[in-house]
Amino acid sequence: MTDAKKSEVLQGTLDLMILKTLHALGPQHGFGIARRIEQVSRDVLQLNEGTVYTSLLRLLQQKWIAAEWGTSDNNRKAKYYSITARGEKQLAVETENWERISGVVGRVLQLEEEK
Amino acid sequence: MAYGRISRLRALAARVLGLLGPRKSDNDFDEELQTHLQLLVDRFVAQGMSREDAAAAARRQFGNTTLLQEDRRELRTLVSVEDLGRDLRYTLRSLGRSRAFVAVAIATLGLGIGASTAIFSVIDNVLLEPFPYKDPGRMVFLRIHDAARGEEGERQGYTSNEFLEFAGQNHVFDGVIAASDDLVLYKHGEGVELLYGADVTPGTFEFFGMPALYGRVMRPADYQPGAPPVFVMRHKTWMERFNGDPGVLNKTFVLNGTARTLIGIMPPRFGWYEADVLIPEMPVPGVSTGFAGLPARWFLLGRLKRGVSKAQAAADATVIANHLAKINPQDYPAHFQVFVKMLGDTVIGRFESTLYTILAAVGMLLLIGCGNVANLMLARATSREKEFALRAVLGAGRARLVRLLLIESLVLAIGGTALGVLIAWGGLKLIVAAMPQNFIPAESVIELNAPAMAFTLVVAVLTAVIFGLAPALQIARRDLNDPLRDSGKGVVGGFRSGRMRDTVVVMEVAVSLTLLIGAGLLMRSFVALREVHLGLQADHVFQTQLRLPEDRYKTAAQVRGFFQPLLARVKALPGVVDATESGALPPYGGMDTKIEISGKSHESEWHALLQQVSEGYFRVLRIPFTGGRAFSESEINDARKVAVVNETFVSTYLRGENPIGRRVQLAGLENLADPVREPWFEIVGVAADVTNQGLEAPIEPEAWVPYTVTGSGAQVLMVRSQQTPMALMNDVRQAVWATDSGVALAFPSALEDRISQRLYASPRFAFLLMTILGCLGLILVTVGVYSVLAYATTRKTQEIGIRLALGAERGDVLRWVIRAGLRLVTAGAAIGLLVSLLLGRAIEAELWRGVKPYDPATLAGTTLLLVATGALACWIPARRAARVDPMTALRYE
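Taken in sequence, the protein lines are chains S and H. Taking our numbering, the leading residue of the first sequence gets 13, the next gets one more, and so forth. Taking our numbering, the leading residue of the second sequence gets 4, the next gets one more, and so forth.
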């Protein structure tokens with residue numbers, strides 16, 4: 013496969029991506045979340061889709077998301093996750109953090125090149 | 004994403020809940036993963052893959068499901084079962100390699116836990132839950148105190164009239180019952196036996212709320228005049244006298260001349276009034292006579308109404324008592340108070356504080372034990388620093404290391420608990436055997452019970468946490484890289500964590516000395532108690548109470564008709580020096596009576612104890628006379644109204660006057676079933692003081708009169724013998740039955756044994772247990788001091804080797820190590836002395852008067868013992884250190 017070209021998901025960023033996905037698309041099951049991340053990352057990220065569930069559990073424990081059993085489009089039983097109010101707040105904080113840090117990291121990397 | 008402190012707490016809460024929550028969610032999770040996989044497969048198939056390829060691709064894209072499950076479990080719970088199992092296996096393996104450590108740790112813990120469980124069992128059974136009755140906490144009795152006379156002027160026996168008044172006029176009790184002594188002569192084929200009986204009032208069994216084990220309890224009809232006579236038996240009596248034979252039920256027994264049917268046998272824990280048999284009796288107004296022709300006295304028991312306090316009950320009872328005092332002023336002191344006492348107060352009294360003192364001592368022992376184990380763990384943890392550092396470097400979290408240590412502690416605690424339960428079980432048997440009789444409620448059954456077991460478990464878990472946490476915290480606090488750099492055996496090694504171990508040893512020594520001083524004080528107190536001068540010689544005296552059938556022995560002449568030939572027969576027995584009749588048994592005087600002395604007027608009431616005796620009394624007990632003379636044989640036989648008084652009587656009422664020839668009125672004699680009219684007696688002699696209120700209370704004024712003046716009163720036979728008193732037992736019994744086969748001997752024993760059982764048993768019990776605990780504490784401390792020093796010297800082997808190589812003498816090394824050890828011991832001893840002095844007040848109540856809690860001899864003796872033992876514990880590792888071969892020691896570098 014072409015795995016060598018793909019980047020590993022940075023630890024902790026998966027949680028943020030899932031929060032953002034749920035914020036943007038509304039309630040989703042695990043498979044849907046994995047598809048969305050795959051689609052958005054355009055095959056740049058290598059994702060063990062199973063880790064999505066570990067991440068979901070972490071978020072559940074913080075009560076940033078909620079879970080509910082429902083039926084999927086093709087009539088399968090599936091667990092739907094949705095972002096909570098607390099999760100929305102956390103998402104805002106984390107997004108700002110991320111932007112600030114990635115901005116700083118980007119600037120530092122540019123400095124490296126100018127040297 | 005950043006997870007802050009609050010987030011971590013929230014996750015922890017979720018994990019704890021996860022422990023409690025249903026396991027079903029594991030299946031849900033599985034189902035969720037399977038669905039996901041299935042959707043992936045469907046997708047790949049739709050893209051044109053074969054089923055097999057699609058499944059493989061899906062698994063690749065999804066990742067390892069087993070790992071995922073484990074991740075999830077780690078997230079959901081505190082500890083994964085696999086990890087726990089691994090830690091446990093590792094712990095068992097590593098403990099298996101240090102057997103000595105395990106043996107000492109488990110033995111130490113077992114002793115502490117075992118001793119505390121045993122004592123807690125006793126306390127729970129005797130003090131906390133002694134009574135199996137309905138609402139025992141609301142059962143109270145009344146005691147009337149003479150405000151002018153303090154402790155000894157108290158009364159808790161009431162006449163029938165008083166009982167009826169209290170029962171009928173109060174507003175504070177749900178019910179009032181009463182019981183009265185009744186020695187029961189029980190006739191069977193072979194002879195007569197004596198049972199300790201109680202007459203009980205209507206409602207007694209309803210009051211206690213206990214049904215009979217076999218048969219039935221009494222019904223209201225059984226108390227009615229003319230009802231068929233019945234009685235109920237205690238379980239213990241049934242087992243001991245009738246071997247638990249159910250055939251005795253509904254049989255008829257002749258009790259005190261009346262044929263009564265046995266209608267019920269009570270359950271084992273029913274012990275009201277400690278009576279062998281319970282006989283229904285309806286108190287009626289008017290004077291009634293009870294046992295031995297003395298006026299009937301009822302012991303009252305009431306159940307407080309819900310929400311009524313003891314103070315309210317006392318106030319209500321005082322109103323009734325004031326009314327009674329107006330009707331019968333002779334029965335009430337001028338100023339009195341009514342006290343309301345709990346049922347438990349009847350028997351336990353001072354023994355309660357004894358038990359709590361012992362519990363405190365046991366707690367100290369447990370503390371020393373924990374200190375020892377903590378030190379062992381600390382030493383072990385310190386020598387394992389490198390192992391832990393390596394584990395940390397290889398990725399074990401600190402939480403994981405702490406968990407490993409806690410598991411080790413728990414394994415030791417479980418071992419200690421198992422041993423402790425065994426020790427408690429055996430120790431309890433010993434304690435019950437050593438326990439003084441008559442000091443605990445008859446109802447209490449002492450056994451290892453559920454609360455005691457729960458207590459053990461709590462102690463064990465606490466112990467594990469306390470001694471496991473100390474080293475665990477130390478590891479967690481340290482920079483784990485340090486030990487890897489440090490060789491751990493160098494010159495400086497071992498000093499950093501040494502302070503904690505030193506503190507523990509100093510604490511242990513201090514606690515141990517406190518314990519030893521307590522034991523020493525109780526021992527001295529016991530010795531002092533044994534040396535109390537009774538004023539009489541109790542050795543070589545045989546005594547027995549005699550129960551004369553009431554129907555044939557009512558008058559003075561009838562009683563004399565029995566005793567005159569009996570005393571003659573007994574005196575003629577080989578080995579008998581002398582014999583006498585007496586109305587009471589030392590060290591107690593007889594009944595209390597009000598007195599008047601001719602030519603003396605006084606405002607307050609004058610009281611004295613009164614005993615009826617025969618002429619041999621003062622010779623048998625070897626009581627000397629300080630004035631006048633003893634009774635002559637003819638004075639006894641002619642029932643002359645003469646009296647002997649004690650010195651306290653003279654110094655209290657006739658100070659500075661010649662008592663001989665004075666006349667004294669003993670009013671109590673008028674109230675007997677066989678009353679003495681005009682009870683004025685002429686004093687003929689003054690006897691030396693003899694303790695007559697037990698060993699601890701001051702001596703009361705006392706008067707002795709010829710037993711022939713009345714047929715009422717208790718009868719005791721005392722015989723002075725040349726050999727062991729109990730050797731006379733059979734001869735005396737034959738002499739009694741030769742005189743009258745219907746008379747029973749009650750409680751025959753050597754007077755000396757009886758006194759020591761009654762009076763020394765409780766202090767002996769306290770001092771015995773304290774001594775055992777003190778010795779155990781000393782052993783544990785010795786082990787503690789030894790292990791700390793041995794450990795420290797092993798760590799410093801190289802330093803010692805260098806010193807020796809540089810020219811130090813072996814004697815220097817010996818002194819160096821011993822000094823280091825003794826510094827700890829003396830520091831601990833100093834603290835222990837200080838604590839003992841501060842705690843002195845607590846133990847003072849346990850001490851016999853004259854023994855002070857700061858008794859210098861005891862303090863010096865125990866301190867010396869402790870320091871000497873401590874020095875011994877230092878000497879062994881010191882000698883080993885001094886024998887270090889410098890070459891070997893240095894080669895280790």
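Bear in mind the hints are in silico, worked out from the structure with no lab data behind them. Think of the CB as a built atom: it goes at the ideal place given N, C-alpha and C, for glycine as much as any other residue. There's no promise every hint is true.
[Said to hold, decoys possible] From the derived model, a few chain S residues whose C-beta atoms are all more than 10 Å from chain H:
(1) Val-52
(2) Arg-54
(3) Gly-62
(4) Thr-63
(5) Lys-75
(6) Val-117
(7) Gly-118
(8) Arg-119
[Said to hold, decoys possible] Only pairs whose alpha carbons sit at most 16 Å apart, straight line, appear in this in silico EDC-like list of lysine to aspartate or glutamate:
(9) Lys-644(H) - Glu-608(H)
(10) Lys-91(S) - Asp-31(H)
(11) Lys-597(H) - Glu-608(H)
(12) Lys-557(H) - Asp-858(H)
(13) Lys-329(H) - Glu-553(H)
(14) Lys-644(H) - Glu-685(H)
(15) Lys-603(H) - Glu-685(H)
(16) Lys-137(H) - Asp-149(H)
(17) Lys-91(S) - Glu-209(H)
(18) Lys-137(H) - Asp-33(H)
(19) Lys-89(S) - Glu-209(H)
(20) Lys-190(H) - Glu-553(H)
(21) Lys-574(H) - Asp-734(H)
(22) Lys-91(S) - Glu-80(S)
(23) Lys-89(S) - Glu-553(H)
(24) Lys-89(S) - Glu-685(H)
(25) Lys-190(H) - Asp-743(H)
(26) Lys-91(S) - Glu-34(H)
[Unchecked claim] Label pairs and their in silico Cβ distance ranges:
(27) Val-52(S) - Asn-30(H): 26 to 36 Å
(28) Glu-108(S) - Arg-46(H): 34 to 44 Å
(29) Arg-502(H) - Glu-50(S): 51 to 61 Å
(30) Glu-50(S) - Arg-54(H): 14 to 24 Å
(31) Leu-397(H) - Arg-119(S): 15 to 25 Å
(32) Arg-54(H) - Lys-75(S): 36 to 46 Å
(33) Thr-25(S) - Arg-54(H): 49 to 59 Å
(34) Arg-46(H) - Ala-104(S): 41 to 51 Å
(35) Arg-394(H) - Ser-114(S): 53 to 63 Å
(36) Glu-50(S) - Gly-99(H): 44 to 54 Å
(37) Leu-12(H) - Thr-25(S): 16 to 26 Å
Against the structure, the hints:
1. Interface exclusion of Val-52(S) from chain H stands, the closest Cβ pair being 16 Å apart, more than 10 Å.
2. Against chain H, the non-interface label of Arg-54(S) holds: every CB pair exceeds 10 Å, the least being about 16 Å.
3. At roughly 4 Å, the least C-beta separation between Gly-62(S) and chain H is not larger than 10 Å, which violates its mark as non-interface.
4. Listed as outside the interface, Thr-63(S) is inconsistent with that label: its C-beta sits roughly 6 Å from the nearest C-beta of chain H, within the 10 Å cut-off.
5. A beta-carbon of chain H is positioned within 10 Å of the beta-carbon of Lys-75(S); the least distance is around 7 Å.
6. Against the 10 Å criterion, Val-117(S) stays outside the reach of chain H, whose nearest CB is about 15 Å from its own CB.
7. For Gly-118(S), the condition that its CB be more than 10 Å from all CB atoms of chain H holds, with the nearest at approximately 19 Å.
8. Distance check on Arg-119(S): its Cβ is at least 21 Å (rounded) from any Cβ of chain H, clearing the 10 Å threshold; non-interface status holds.
9. As the CA atoms of Lys-644(H) and Glu-608(H) are separated by approximately 22 Å, the hinted pair breaks the 16 Å bound.
10. Between Lys-91(S) and Asp-31(H) the CA atoms are separated by roughly 9 Å; this keeps the pair inside 16 Å, and the hint holds.
11. A threshold of 16 Å between alpha carbons decides the hint, and for Lys-597(H) with Glu-608(H) the separation of about 7 Å falls inside it, so the pair holds.
12. Between Lys-557(H) and Asp-858(H), the direct Cα distance comes to roughly 55 Å. Violation of the 16 Å bound is thereby established for this hinted pair.
13. Of the supplied pair hints, the one linking Lys-329(H) and Glu-553(H) is violated, its CA atoms being roughly 34 Å apart against a limit of 16 Å.
14. Pair hint Lys-644(H) plus Glu-685(H) holds up; C-alpha atoms about 6 Å apart against a cutoff of 16 Å.
15. Note on Lys-603(H) and Glu-685(H): the hinted pairing holds, with a Cα-Cα distance of about 15 Å set against a maximum of 16 Å.
16. Annotation: proposed proximity of Lys-137(H) to Asp-149(H) is violated, straight-line Cα distance about 32 Å (limit 16 Å).
17. Between Lys-91(S) and Glu-209(H) the alpha-carbon distance is near 65 Å, which puts this suggested pair outside the 16 Å criterion.
18. Restraint check: the Cα-Cα separation between Lys-137(H) and Asp-33(H) comes to about 56 Å, which exceeds 16 Å; the hinted pair is violated.
19. With a C-alpha separation of about 66 Å, the suggested pairing of Lys-89(S) with Glu-209(H) is violated against the 16 Å cut-off.
20. Under the criterion of a C-alpha separation no larger than 16 Å, the hint pairing Lys-190(H) with Glu-553(H) is consistent with the structure, at around 13 Å.
21. For the hint pairing Lys-574(H) with Asp-734(H), the CA-to-CA distance comes to about 11 Å; that is within 16 Å, so the pair holds.
22. This hinted pair checks out: Lys-91(S) and Glu-80(S) have alpha carbons roughly 6 Å apart, not beyond 16 Å.
23. A threshold of 16 Å between alpha carbons decides the hint, and for Lys-89(S) with Glu-553(H) the separation of about 95 Å lies outside it, so the pair is violated.
24. For a cut-off of 16 Å, the pair hint linking Lys-89(S) to Glu-685(H) is broken: about 112 Å separates their Cα positions.
25. As the CA atoms of Lys-190(H) and Asp-743(H) are separated by approximately 13 Å, the hinted pair is consistent with the 16 Å bound.
26. Annotation: proposed proximity of Lys-91(S) to Glu-34(H) holds, straight-line Cα distance about 10 Å (limit 16 Å).
27. Checking the proposed 26 to 36 Å range against Val-52(S) and Asn-30(H) shows it holds: the Cβ atoms sit about 32 Å from each other.
28. A C-beta distance of roughly 36 Å is found between Glu-108(S) and Arg-46(H), which places it inside the suggested range of 34 to 44 Å.
29. Look at Arg-502(H) against Glu-50(S): about 60 Å separates their beta carbons, and that is inside 51 to 61 Å.
30. Taken as a hint, the range 14 to 24 Å holds for the pair Glu-50(S) and Arg-54(H), whose Cβ atoms sit roughly 22 Å apart.
31. About 38 Å separates the C-beta atoms of Leu-397(H) and Arg-119(S), a value inconsistent with the hinted range of 15 to 25 Å.
32. Our hint of 36 to 46 Å for Arg-54(H) and Lys-75(S) holds, since their Cβ atoms are close to 41 Å apart.
33. In this structure, Thr-25(S) and Arg-54(H) break the distance hint of 49 to 59 Å, their C-beta atoms being roughly 34 Å apart.
34. Taking the beta carbon of each, Arg-46(H) and Ala-104(S) are about 34 Å apart, not inside 41 to 51 Å as hinted.
35. Between Arg-394(H) and Ser-114(S) the Cβ separation comes to about 37 Å, which falls outside the hinted range of 53 to 63 Å.
36. Between Glu-50(S) and Gly-99(H) the beta carbons are some 53 Å apart, a value that agrees with the proposed interval 44 to 54 Å.
37. Remark: the range hint 16 to 26 Å for Leu-12(H) to Thr-25(S) is upheld by a beta-carbon distance near 23 Å.
Consistency with the previously given hints fails for numbers 3, 4, 5, 9, 12, 13, 16, 17, 18, 19, 23, 24, 31, 33, 34, 35, ordered from lowest to highest.
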